[in-house]
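J.: Take the given structure of chain A and dock chains B and C with the ligands to it, following the hints.
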Amino acid sequence: MSRARVVVVGAGPAGMMAAAQAARLGCAVVLVDEAPRPGGQIHRQPPPSLAGGAVSAAARPEAERKRRLFDRFARHAGAIDHRPGTSVTAIYGLDRILIADETSSRLIRADALVVATGLHERVVPVPGWTLPGVVTAGALQALLKGGRVRAGDRIALAGAGPLPLVAAAQMVEAGATVPVVALLRPPWSPLWPGLLRDPAALWAGRGVLSEGWRWLSVLRRAGVPVLTRHVALSVSGDGAAERLVIARHDGRGRPVPGTERRFAADTVAFNHGFTANSELARMAGAETRFDPRRGGWLPVRDGDGATSVPGLFVAGDAGGFAGGLAAACDGAVVGAAAAGWALHRDAGRFAAQAAADRAERARHWTFQAALAASWELPRDIHELVTPATVVCRCEGVTRARIDRAVADGHDGLNGLKRNTRAGMGSCGGRSCLRTLAALAGPRGEGEAVNARPGIRPVTLAALANRVSDESVGS
Amino acid sequence: MTTLPRIADIAVIGGGAYGLSVALWLRRLRPDLSVLLLDRSDFAGNETGRCGAGFRVQWGAAGNIRLCQDSLPSYENFAEEFGYPEGIEFKQDGYLILAHGEEQLDQLRRNIALQSRFGVDSSLLTVEEAARLAPGLNLSGVVGGSFCARDGSLSPFRVLDGFHRAAARAGVLIRHGVKVDSVEPFSSAFRLSAGGEAIEAGRVVVATDTRIPQLLGSLGIDIPVQPYPNQAFVTEPLPPRLGPCVVSFAHEMFLNQTARGSVVVVASDRRRALGADAQPTADLFPRAAARAIDLLPALGTARLLRSWGGLYSITPDMLAVLGETALPGLFVALSGAKGFMTAPAAGRLLAQLVDGQAVPDWFARLSPARFASGEELEKEPAIV
Amino acid sequence: MDRAASSAAATPSRRPDVREGEGFTILFEDRFGQRAIPAWAGESVAAALLAAGERAWRTAEDGSQRGLFCGIGVCWECRCIIDGRPNSRACQTEARPGLSVRWQVGPGLLPDGGLPDGGAS
Ligand SMILES: Cc1cc2nc3c(=O)[nH]c(=O)nc-3n(C[C@H](O)[C@H](O)[C@H](O)COP(=O)(O)OP(=O)(O)OC[C@H]3O[C@@H](n4cnc5c(N)ncnc54)[C@H](O)[C@@H]3O)c2cc1C
Ligand SMILES: Cc1cc2nc3c(=O)[nH]c(=O)nc-3n(C[C@H](O)[C@H](O)[C@H](O)COP(=O)(O)OP(=O)(O)OC[C@H]3O[C@@H](n4cnc5c(N)ncnc54)[C@H](O)[C@@H]3O)c2cc1C
Ligand code: FES
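Each protein sequence line maps, in turn, to chains A, B and C.
Quick note: my numbering has the first sequence finishing at residue 474, numbered continuously throughout.
Quick note: my numbering has the second sequence finishing at residue 384, numbered continuously throughout.
Quick note: my numbering has the third sequence finishing at residue 121, numbered continuously throughout.
Bound-form chain A, shown alone:
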């Protein structure tokens, strides 16, 4: 019999640690990641030709975390069959996982499967959000981290949570002018009540807090106005973004008349939190629940990352936002559980080996649970989506069309999607399903949209060229 095999999807902090842990515990590990280099969303690495840019004081903690993560991964990398540039596009069962790269595809078998696919950004549409020059806050970061390029010269940011602040500070350091950061609520205020009750969590979060403080200082020094309790009303411009209009809101997200302000900008960046990449877990049959703050439709998992499907584990932010530090610890915990399952059908077998990571994860989780409150969107935020606003960018479906469908009785997410085609385009609904769910009314968020084989953009030629599994992970 071949060695027990753990397949890990995603080489972000969670997947890297899960792979390293399972390899350490004696499993054959295949680590499949569609990115060309490991590191995931947060530690996006520039290609070697661009690496080595100076690291600012504010950016240093993240660089240090990254170094520790890569050191730990490197120790076991020899025992990991890492497949960059490869995506998992279908799961027909744990014994039939379809992976594909540019030219070929393979069905691989897993004794335990760890889904560590992370998440992507959520943006609440406003009029003008499809104009060129409107991007996500993470896009600014991705361009800078991955290519050492800044998206524009005058960059305005708006949204929820800490990401717009961090990205704004990074843009300032990269030489941009930031006319405004408009946040729905202050990201720091929801933190305190929870943290003051839990000193250990406060301690665990001290690094993130001081890092946040340093980023805020960067903004302060540059004189960037940070306006909280403000909502973006629109982006406008002649063929591309030229200005962002914001207003104070009444606590529910409705603009207070007379408080509108306009800011000239060639680039406008939004972030309203995140959506977990849970399609693979759902395709494999995992139960989900809806959590609006931490990433939408989240696979239900226990402390080991085990889902409702035996042998299927979820690690890191794919299980709901908890940040890069928690993701790495979680990966180590889930990697141990997956190894225990793969080798002995006992997820608890190696629990002791991951005790330290588990304890550290608990502290990060408490901290992050408090932080997650800053992503709670004001209740009426979607009132600002005007009838003519495009909600589904791929298929060009407007709010008016969606409202009509809901009025016709199509108020479940899957039915609404089929009726309007919103969510059926090239992005697979990643840009609009959260909005669609919110507009659908009470039923919308209850059901996740069906996840069908083919979630990644693989060419038919690669699918047709199926090679046998023998070379994988042995």
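FYI, nobody ran anything at the bench for these hints, they're computed from the structure.
Beta carbons: idealized from backbone N, C-alpha and C, even for Gly.
Some chain B residues close to chain A (C-beta under 10 Å, calculated; not the full set):
no., residue
1, Gly45
2, Leu284
3, Arg303
T.: The following block gives chains B and C with the ligands in isolation, referenced to the frame of chain A:
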């Protein structure tokens, strides 16, 4: 959800293309009767939402030809007939059926002869003519084909939405998320039970396609239908690569580049057993992607958008089953695996029948009684 | 918007650190014609276009123009015709010397309505 009515003149079970069309026509014919439509899923939750979006009159059995021929004007004038200005994305670039070998060509020849008896403007093509119509196709091994310019591709979602809205406007009470558990005769009428609630209906139309036996089997009504799991996938929107829809029996495949540019590939597998498990199988992509590329080489660089499985309703003669059952007042509307293209006429004529009006002979022959009559059935040969 | 002025002024400053090694050019063609765009090894096509002040490189089905949105390969807004292949994501394609980027209209046509691999539609 609003509560269900306890009573209706006519209940239609199933809100796919067949159920919606028949319900809509019932109210159009009889605005004085209450029509209640119950569907267990959301909008387009079953086969109509999974179909290949093709329309063709080019069949080899009279029943199919007539149903499609009678449906065509409704699709050509959908916006006016059903008050649906959005349109149904009817890309009427024809349907090209390829013959790989003389035997297949002979069959197409016979089909065309039959089609022409009903005035269908289809014709036999040489390979060169086929190549001119669809220059991107790999025609090696092809000896000819048949073509009809009025066939084409249209959006099942738009069609269903159009039916849905027209039905609601006509006064059909539509309830999604209601699964009917049983139908029983009940003092000269019927009693439906759905989630513990009872509904009394004077007449009932069962339009649940392959799932009809689940409801009628216990009444001793035998509708011979079996589910056959079929699979499909769709590419990202592409620049124009294919005008007509294409059927290739040799590839067990149907290709359709829709008005939006995506190519829908329906890939059958003759070796696959009948059964109701419609989950896509792991062999779909290597098998079907390779065949699709062989047929239309430009598909090699196209990216997959999603895939799905659905059920064909296989009847002994591959024709629809439309008519009254042995229990007076109980009707079936069963698509015979081409219910999307036939829905306008099937619904309209069945509604007439339910209302006690006369229907054409050819339609009357689609009644379920044909299976018990002992007569020889006219079989459809032109299924992929 | 004065395209020429904005790109000339912006080119050096949108790259915050000094680039090691030689730069090269990629070709960008929209309905106004073809231009050489400076790029460095390791940059994505989208990064090079944005650094040069180009913000859009596609016309969507509804006639609106699109460029970068998510930056990480999720949203498909940055589609364009790269080396003759429609629907290529600019944010996921690394720049190479001489690479050709063409403005994409709808599902993959050129601005003049032609097919990217020759011929009209
Ligand atoms: C734009 C953005 C900015 C962020 N900024 C911060 C921040 O400043 N601080 C912070 O703490 N957190 C931040 N986060 C959250 C951050 O992503 C995580 O905390 C951390 O990266 C989570 O690690 P992970 O391993 O769970 O997922 P990720 O790092 O997201 O890694 C997931 C990996 O899975 C791969 N993948 C996904 N699906 C497939 C598939 N089907 N097949 C193959 N591979 C697949 C992806 O390519 C990716 O490499 C940010 C997230 C985003 C999206
Ligand atoms: C892959 C594939 C490709 C196809 N391609 C084509 C094509 O190109 N052209 C074409 O014309 N046809 C095509 N077909 C066939 C076509 O999809 C079907 O014949 C047609 O959709 C059937 O319509 P219907 O209304 O009878 O069934 P459905 O659309 O399945 O509707 C039946 C409804 O009944 C409901 N229901 C079931 N049981 C119950 C219950 N107990 N209580 C309440 N409601 C219930 C379901 O929710 C469903 O909405 C294809 C089919 C498949 C699978
Ligand atoms: S910008 Fe979203 S995929 Fe490239």
